[in-house]
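Please take these sequences and the hints and turn them into a complete structure.
Residue numbers (the UniProt record's numbering), protein chains in the order written: chain A, 1 to 181; chain B, 1 to 181.
I should point out that these hints are in silico values taken from the structure, not numbers from a laboratory.
Keep in mind it's a predicted model, so treat the numbers as computed, not measured.
C-beta: ideal position from N, C-alpha, C; glycine also.
One or more of the hints may lead you astray.
Some chain B residues judged to face chain A by a derived CB distance under 10 Å, without partners named [what the hints assert, rightly or not]: (1) T8; (2) A10; (3) L22; (4) V24; (5) K33; (6) L39; (7) I40; (8) F110; (9) A111; (10) T150; (11) E152; (12) K167.
Straight-line alpha carbon distances no greater than 30 Å define the calculated DSSO-like cross-link-like pairs of lysine-lysine that follow [what the hints assert, rightly or not]: (13) A:K159 - B:K78; (14) A:K180 - B:K176; (15) B:K36 - A:K36; (16) B:K41 - A:K41; (17) A:K159 - B:K181; (18) A:K33 - A:K78; (19) B:K36 - A:K41; (20) B:K181 - A:K78; (21) B:K176 - A:K18; (22) A:K18 - B:K33; (23) B:K181 - A:K18; (24) B:K176 - A:K159; (25) A:K181 - B:K41; (26) B:K18 - A:K36; (27) B:K180 - A:K78; (28) B:K33 - A:K41; (29) B:K78 - A:K36; (30) A:K41 - B:K159; (31) B:K159 - A:K176; (32) A:K176 - B:K180; (33) B:K36 - A:K181; (34) A:K180 - B:K181; (35) A:K181 - B:K131; (36) A:K159 - A:K180; (37) B:K41 - A:K33; (38) B:K78 - A:K33; (39) B:K180 - A:K36; (40) A:K159 - B:K33.
Number of protein chains: 2
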Amino acid sequence: MKKFEERTIASETLYNGKIIELRVDDVELPDGKRAKRELIKHPGAVAIIAITDQNELVLVEQFRKALERSIIEIPAGKIEPGEDPEKTAIRELEEETGYRANEFTYVQSFATSPGFADEIIHLYLARSLEKVENPAAGDEDEFINLQECTIEETEEMMKDGRIFDAKTAFAVLFLKELLKK
Amino acid sequence: MKKFEERTIASETLYNGKIIELRVDDVELPDGKRAKRELIKHPGAVAIIAITDQNELVLVEQFRKALERSIIEIPAGKIEPGEDPEKTAIRELEEETGYRANEFTYVQSFATSPGFADEIIHLYLARSLEKVENPAAGDEDEFINLQECTIEETEEMMKDGRIFDAKTAFAVLFLKELLKK
Chain A
1 MKKFEERTIA
11 SETLYNGKII
21 ELRVDDVELP
31 DGKRAKRELI
41 KHPGAVAIIA
51 ITDQNELVLV
61 EQFRKALERS
71 IIEIPAGKIE
81 PGEDPEKTAI
91 RELEEETGYR
101 ANEFTYVQSF
111 ATSPGFADEI
121 IHLYLARSLE
131 KVENPAAGDE
141 DEFINLQECT
151 IEETEEMMKD
161 GRIFDAKTAF
171 AVLFLKELLK
181 K
Chain B
1 MKKFEERTIA
11 SETLYNGKII
21 ELRVDDVELP
31 DGKRAKRELI
41 KHPGAVAIIA
51 ITDQNELVLV
61 EQFRKALERS
71 IIEIPAGKIE
81 PGEDPEKTAI
91 RELEEETGYR
101 ANEFTYVQSF
111 ATSPGFADEI
121 IHLYLARSLE
131 KVENPAAGDE
141 DEFINLQECT
151 IEETEEMMKD
161 GRIFDAKTAF
171 AVLFLKELLK
181 K
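Next up, the structure:
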């Protein structure tokens with residue numbers, strides 16, 4: 001299987017921000033030609049498919065500036081430097097939803113936008129949930145609305161666009177599959 | 001349902017590239033405090049869940065500079081300015097795979113990274129495929145390996161990381177669901 005590697009000729013960091021970094025690379029293509037690649041570096045994130053004992057999916061509504069609207073997503077958050085993704089996931093679930101899970105398992109990792117970004121999301125499944133008495137507080141610039149929805153409700157929300165992001169769309173199909181078993 | 005809107009106080013474009021644009025916004029949060037939002041503007045993309053008459057998923061292997069490796073994905077491509085997403089999808093399917101579909105239907109749209117990017121992927125389902133005699137050529141900086149895989153093979157590829165992006169992970173679950181019916 002040929003790997004079509006693109007060799008880096010030059011690399012320039014144009015922005016180094018709080019969350020993302022912008023880099024433009026000059027690359028040599030497999031045929032010897034040159035091309036530019038605009039690349040975003042991101043610390044990576046986790047997301048949690050949290051299911052209540054009533055088989056409802058735990059969701060958070062949040063304003064997303066990039067989209068200029070609120071959308072409804074599974075709980076998620078960025079990985080802090082050096083933090084183990086599973087710890088991030090346990091922390092984010094508590095901060096965003098007030099839940100702790102007695103069953104916590106790794107599901108899958110994927111890149112969200114491999115065409116320009118290195119962001120990878122690690123997905124976890126949380127079951128046997130318990131409300132924490134005094135949950136850890138989340139980021140102070142996060143404003144979140146919590147809700148718990150049946151699989152039928154989440155499918156409706158996918159259709160009308162309230163659910164509108166890749167990880168949550170994956171979670172809805174994953175849950176549907178899981179509940180069939 | 002509160003929308004938690006973040007009002008833009010100031011907006012600065014720091015990079016305007018061939019594919020992406022980087023903007024940093026100062027926003028006012030619902031509690032009156034201020035925050036910075038690092039935002040990537042992207043033209044949007046399409047992706048195609050193309051299924052052969054043998055119920056195999058059409059996949060392309062491609063080197064992704066952002067990840068510094070090759071991954072196996074469903075066919076996809078950026079929307080050209082003013083182009084109708086369905087036309088983009090028909091064009092990309094032909095360019096990347098040499099297939100034209102007699103059945104072409106819209107499935108779903110989702111944002112890939114709503115935390116920092118406005119990229120939206122429009123997903124289409126292509127069935128009743130036919131090989132085109134002289135397919136249109138793709139981008140000259142794209143090097144692609146075509147393959148067709150059963151649902152069991154794609155699940156194996158998700159497990160071992162050859163399939164490693166959100167849209168293709170969604171497509172695998174979608175196909176599994178579809179073939180059950």
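Now for the hints, and whether the structure bears them out:
For T8 (chain B), the interface hint holds, the least distance from its beta-carbon to any beta-carbon of chain A being 8 Å, beneath 10 Å. Contact between A10 (chain B) and chain A, as hinted, is not supported at the beta carbon level, the nearest pair being about 13 Å apart and thus beyond 10 Å. Among the interface hints, the one on L22 (chain B) holds; its C-beta lies about 5 Å from the nearest C-beta in chain A, closer than the 10 Å criterion. Hint status for V24 (chain B): holds, given a least beta-carbon distance of 7 Å to chain A, under 10 Å.
A least Cβ separation of about 7 Å between K33 (chain B) and chain A falls short of the 10 Å threshold, and the interface hint therefore holds. Because the smallest distance between the Cβ of L39 (chain B) and any Cβ of chain A comes to about 5 Å, under 10 Å, the interface hint for this residue holds. Because the closest C-beta pair between I40 (chain B) and chain A is about 6 Å apart, less than 10 Å, the hint holds. Checking F110 (chain B) against chain A: minimum C-beta separation of about 5 Å stays under 10 Å; hint holds.
Interface restraint check for A111 (chain B): the shortest CB-CB distance to chain A comes to about 5 Å, inside 10 Å, so the restraint holds. The closest approach between the C-beta of T150 (chain B) and any C-beta of chain A is roughly 17 Å, which is over the 10 Å cut-off, so the hint fails. A least Cβ separation of about 15 Å between E152 (chain B) and chain A goes past the 10 Å threshold, and the interface hint is therefore violated. At a threshold of 10 Å, the smallest CB-CB gap from K167 (chain B) to chain A is about 7 Å, leaving the interface hint in force.
Among the hinted pairs, K159 (chain A) with K78 (chain B) is consistent with the structure: their alpha-carbon atoms are about 23 Å apart, no more than 30 Å. The straight-line distance between the Cα atoms of K180 (chain A) and K176 (chain B) is roughly 13 Å, inside the 30 Å bound, and the hint therefore holds. Annotation: proposed proximity of K36 (chain B) to K36 (chain A) holds, straight-line Cα distance about 28 Å (limit 30 Å). Restraint check: the Cα-Cα separation between K41 (chain B) and K41 (chain A) comes to about 15 Å, which is no more than 30 Å; the hinted pair holds.
Distance hint between K159 (chain A) and K181 (chain B) is fulfilled; the C-alpha atoms sit about 19 Å from each other, no more than 30 Å. Only pairs whose Cα atoms come within 30 Å are accepted, and K33 (chain A) paired with K78 (chain A) is rejected, the gap being roughly 37 Å. Among the hinted pairs, K36 (chain B) with K41 (chain A) is consistent with the structure: their alpha-carbon atoms are about 18 Å apart, no more than 30 Å. Between K181 (chain B) and K78 (chain A) the alpha-carbon distance is near 37 Å, which puts this suggested pair outside the 30 Å criterion.
Of the pairs offered as hints, the one joining K176 (chain B) and K18 (chain A) is violated, with about 39 Å between alpha carbons and a cut-off of 30 Å exceeded. In summary, the hint linking K18 (chain A) to K33 (chain B) is supported, as the alpha carbons are separated by about 18 Å, within the 30 Å threshold. Among the hinted pairs, K181 (chain B) with K18 (chain A) is inconsistent with the structure: their alpha-carbon atoms are about 47 Å apart, more than 30 Å. This hinted pair checks out: K176 (chain B) and K159 (chain A) have alpha carbons roughly 19 Å apart, not beyond 30 Å.
For the suggested pair K181 (chain A) and K41 (chain B), the alpha carbons sit about 40 Å apart, so the restraint of at most 30 Å is broken. At roughly 9 Å between alpha-carbon atoms, K18 (chain B) and K36 (chain A) fall within 30 Å of each other, so this suggested pair holds. The hinted pair formed by K180 (chain B) and K78 (chain A) fails the criterion: a straight-line CA distance of about 36 Å is larger than 30 Å. Using a Cα cut-off of 30 Å, the hinted pair K33 (chain B) and K41 (chain A) holds, with the two alpha carbons roughly 27 Å apart.
As the CA atoms of K78 (chain B) and K36 (chain A) are separated by approximately 16 Å, the hinted pair is consistent with the 30 Å bound. Under the criterion of a C-alpha separation no larger than 30 Å, the hint pairing K41 (chain A) with K159 (chain B) is consistent with the structure, at around 24 Å. Restraint check: the Cα-Cα separation between K159 (chain B) and K176 (chain A) comes to about 19 Å, which is no more than 30 Å; the hinted pair holds. In summary, the hint linking K176 (chain A) to K180 (chain B) is supported, as the alpha carbons are separated by about 13 Å, within the 30 Å threshold.
With a C-alpha separation of about 44 Å, the suggested pairing of K36 (chain B) with K181 (chain A) is violated against the 30 Å cut-off. Taking the CA atoms of K180 (chain A) and K181 (chain B), the gap is near 13 Å; set against the 30 Å cutoff, the hint holds. Between K181 (chain A) and K131 (chain B) the CA atoms are separated by roughly 38 Å; this puts the pair beyond 30 Å, and the hint is violated. Pair hint K159 (chain A) plus K180 (chain A) holds up; C-alpha atoms about 21 Å apart against a cutoff of 30 Å.
Simply put, K41 (chain B) and K33 (chain A) have alpha-carbon atoms about 27 Å apart, close enough for the 30 Å limit, and the pair holds. Our distance criterion of 30 Å between C-alpha atoms is met by K78 (chain B) and K33 (chain A), whose separation comes to about 21 Å. The suggested pairing of K180 (chain B) with K36 (chain A) is violated, with an alpha-carbon distance near 43 Å, which exceeds 30 Å. This hinted pair does not check out: K159 (chain A) and K33 (chain B) have alpha carbons roughly 34 Å apart, beyond 30 Å.
The structure does not agree with the numbered hints 2, 10, 11, 18, 20, 21, 23, 25, 27, 33, 35, 39, 40 stated previously, though it agrees with the rest.
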